[in-house]
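Asks: Top line first, the protein sequences correspond to chains A and Y. Letter 395 of the first sequence, counting from 1, is numbered 395 in our numbering, and no numbers are missing. Every position in the second sequence, counted from 1, becomes a number in our numbering once 893 is added.
Honestly, the hints are just simulated from the structure, not real lab data. Among the hints, erroneous ones may be present.
To be verified - Just the calculated beta-carbon pair ranges, DEER-fashion:
#1 Y/Arg-967 with A/Val-65: 37 to 47 Å
#2 A/Ala-51 with Y/Glu-988: 42 to 52 Å
#3 A/Thr-62 with Y/Arg-967: 41 to 51 Å
#4 A/Arg-407 with Y/Trp-960: 34 to 44 Å
Said to hold, decoys possible - Over 10 Å on every C-beta distance to chain Y, these chain A residues come out as not near it, computed from the model:
#5 Asp-29
#6 His-33
#7 Tyr-34
#8 Ala-40
#9 Pro-49
#10 Ile-66
#11 Ala-121
#12 Lys-177
#13 Gly-247
#14 Thr-316
#15 Arg-345
#16 Ala-479
Keep in mind the model is a prediction, meaning the values are calculated, not measured. Idealized CB from N, CA, C, for every residue including glycine.
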Amino acid sequence: MSLTSLWRRIARGTHGITHETHANQDVRDEVEHYLDEAAAALVAKGMTPVAARRAARVQHGTPTVIREEVRASLWESTVTSFFSDVRYAIRMLRRSPISTVVVVLVISLGVGAVTTIFSAANAFLFKPLPGAADPSRLIGIDRIESRGNGGAQASHPYYLMLRDRNRTLSGVAAWSKTDLTITSGGTGRSVYGNLVSGNFFSVLGVRPAIGRFFLPEEDATPLTHPVIVVSHEFWRSALGGDSSAVGRTVGVNGTSFTLIGVAPQEFRGVFTPIVTSAWVPLMMQPRIRPNRSLDAAGASWLWTFGRLKDGMSRETARQDLIALTRARIAEGIEPEWMRNNDSIRLISLTGLPDDARKAMLAFTGMLLGVALLVLIIASVNVGAMLSARAVARRHELAIRVALGAARARLIRQLLTESLVLFALGAIGGMGLAIVSTRLLERIPLPMSVPLTLELSPDIRVLAFALLLSLVTGLVFGVAPALRASNPDIAGRLRNDARTGDGRRGIVSDALVVGQLALSLVLVVSAGLLLRALERGSNVDPRFDATGVATASLKSESWGYDEAKARTFSRALRERVEAMPGVTHVSYTSGLPLQWDNSNTYVHLDDAPPASAGKSEGTRVRVNQVDVDYFGALRMPLVAGREFVQSDDATAQRVAVVNETLARKHWPGASALGHTFLSNDQRVTIVGVARDAKYATLTEETPEMVYFALAQDWQAEQVLMVRTTHGADALAPALQGAVSALDPSLPRPTVVSLQRATQFVLLPQRVAAFVAGALGVLGLVLATVGLYGIIAYSVSRRSREIGVRMALGARPGDVQRMVVVGGMRLAGLGVVIGLLLAAGASRLLVAFLYGVSPLDVPTFAATSALFVAVAFVASYLPARRAAMADPLIALRAE
Amino acid sequence: MEQPSTDVIQGTLDMLILKSLSLEPMHGFGVARRIEQISRGVFKVNPGSLMVAFQRMERAGLLDAEWRQTENSRRAKYYRLTSAGKKQLGVETAEWARRTAAVARLLRAEG
């Protein structure tokens, strides 16, 4: 077909749709005229006009039939009949507004649940980096082991090599997270920032909102260009949104920097969950993070990413980078441990590093599975309701079939109805997702870093919700449509609701059983997660977290050197100890239960043969703590002494070990007085502390060594204060003490230790919350479904019940009969659900904190709950059936 | 889609319509009557198929249509060949002749 004639067809067809009545009138007139002419011809042969008219119709067909034939042959008729189907569907749905609202609501809940979870997953895993140009060509570069699961961050020399020698990327940038204290007159602000390579912004393709970004020469020579770029949010909140702020001098970690630019509002850095407020060139690292090194081949602390050249495939780029990495390893400059990392993995740059992505993927995958269960329950529910409706409309449909409607046409009509319902449900579900993601964003998380979650649905989520509804609408609409359009017209016209169509009963029973079983799986999962949470919160960490206030002190980000930091913490300790109610003050390099496990190797002196012979020594967990740490945590020593002020940098090195270490290496004897080598220094054990939980609640107690903080100085420390006056009430006093010592310091965030240690149960908390909400939803949906099906079967059997009662059955008998029927379904659903749950709960083991996936109380309680709910759902219709007047029931037919 | 020429019945109907209209513009019943008369009643045209064919051919640009007064002063839709329609009639006639000749040869060979 030529293009013009195609165009003509489309144009005429479209004209036919938009001017439908006019086009119809045209056909109508033409048909009318044709039949008139035919009649006239017969009159000319001598027939009477009336007879001729009838004869013409008999011979050629009625005008309606001819018109339909003409109309149906045109392509636009498919479109117009779709519109008329939709109009008809809306009319039908409006005729039973309550059930329509219920159905739409049920679909909205199901779609909303899935869409919410998908929206969160989308935000973390799939959304391209906000603010970057052409983000699909941006790739994160991870250096990994080709044999093994390990990986290494990049050292600066390795990064420079990749940047300068690759042939597949148009640019490679590097960055690292860093603590910054930014001072712009008065007190400083403690924020998270990035140390970045000079080309960071240009590789990302981000343009400054104000001012400019880094020039290549600003990241070429160490310490020559103290310049800083801040985020839009920081500029607004800390610098008053004043555009003259650009060019101003601000203090950054104790050094003067020039503010050269402001990033655009939508750009949130390359690690989006953490609020990133400023970017500083890598070459300023000695001022910003003096404890790190840029030159050493083994100092690997940079993340790298790049932009693929046009037309370059990921695999080509990967091979290119692997070749460069292996060449680098062959040079033999890198330390031993890094040489195993001889391969490259390229990932989409979405704002989460790969390991975090994996954990997130597993976690959201689990939640998505739970949400999908809810959607299936909701859809089954809707399928059952549609079936019931279709049965109620048998007469209407049978008449339409009798009048000549094709079965395909009826099926299309019924499917259109369910699609309209599901489309409305998709809109509702989308609305629900918008509200619930907003709620999720606001859930306060016990995290020590400033987080920002952007979970709101985007176009991808919208498409997902629509597609999901469309598919479920088709899947769950087809069966009712097929059944309702069954061409056994005569049977159905003759028939009424009396003949209990057995097959239909079995199908709807199966639907109810399925719903109950699936929602039982949900509730059991939620129950298990709640039990895990409860068990987790009741695990005795073997220290006392109540009544302790903590404040993180990052002296490195204040520009303090070690001497200055030592003076500061001594002075702060004196001030805090003098505060009323304070009983213990200490410092530590890291609080317990933060999932953070620092390990080191020590060589134990005169150790028994078990650990001898191992050249690397004994692997131990390590923590640096100050005087009075064990007192502050109420973690008593079982032998020896705590650290004291005299255990300082000049004194002999001492350590406290835990019971596990002592027992393992000196069973039945005292560990006190024994020594070990750590970094070639001899350390004497002066105390043995009680075992406790260190990184997580489920860990097997590791061998633990506490070093005296004064002898193993750490730039980043946490102040711990035990008080009798309540940990939270201490915040203003602690902040006041810090600024009294140095008014330029940022005000520290004070968090009670109790709150800080809740972090360890975060995944359980989120999982139990989401699964609990979805479980309740599933239970409600299944109950509604059970109630509906029993009420419906009671109304169908009203005649039978009437006969029974007329024959002498008492109301109690009828009631029992209906309840037993309902309970039989419920029982079957519970049994199937228990079996499914036993299988599904195995997938949750990682989140269960030692609660058995077949935890008897959870399974028993859930079963009891379901039986009780099922009893109520069948008792209500049963009572109504028993109260019915048998005469009315019989007459109704 | 233009010419489902394997479909003999449809193909024939289109050709017969084109042929009828090549003499003068006509309305629907006129075309039906002419086909019936000239074929001496061998072909009876069903009005539905006829109008479907009109719609299709009009959209394909082979026919033009306009509402006009008939001799007995009634409104009727008259169809007229376009130049594309005339060309198409030539093509179809030639094609038809080629096929019937081929079929005739086959039948002769068979006999």
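Asks: For each hint, tell me whether it holds in the structure or not.
Replies: How the hints compare with the structure:
{"no.": "1", "hint": "Y/Arg-967 with A/Val-65: 37 to 47 Å", "verdict": "22 Å, violated"}
{"no.": "2", "hint": "A/Ala-51 with Y/Glu-988: 42 to 52 Å", "verdict": "43 Å, holds"}
{"no.": "3", "hint": "A/Thr-62 with Y/Arg-967: 41 to 51 Å", "verdict": "20 Å, violated"}
{"no.": "4", "hint": "A/Arg-407 with Y/Trp-960: 34 to 44 Å", "verdict": "38 Å, holds"}
{"no.": "5", "hint": "Asp-29", "verdict": "7 Å, violated"}
{"no.": "6", "hint": "His-33", "verdict": "5 Å, violated"}
{"no.": "7", "hint": "Tyr-34", "verdict": "5 Å, violated"}
{"no.": "8", "hint": "Ala-40", "verdict": "8 Å, violated"}
{"no.": "9", "hint": "Pro-49", "verdict": "14 Å, holds"}
{"no.": "10", "hint": "Ile-66", "verdict": "5 Å, violated"}
{"no.": "11", "hint": "Ala-121", "verdict": "45 Å, holds"}
{"no.": "12", "hint": "Lys-177", "verdict": "63 Å, holds"}
{"no.": "13", "hint": "Gly-247", "verdict": "69 Å, holds"}
{"no.": "14", "hint": "Thr-316", "verdict": "44 Å, holds"}
{"no.": "15", "hint": "Arg-345", "verdict": "51 Å, holds"}
{"no.": "16", "hint": "Ala-479", "verdict": "35 Å, holds"}
When held up to the earlier numbered hints, the structure conflicts with 1, 3, 5, 6, 7, 8 and 10 and fits the remainder.
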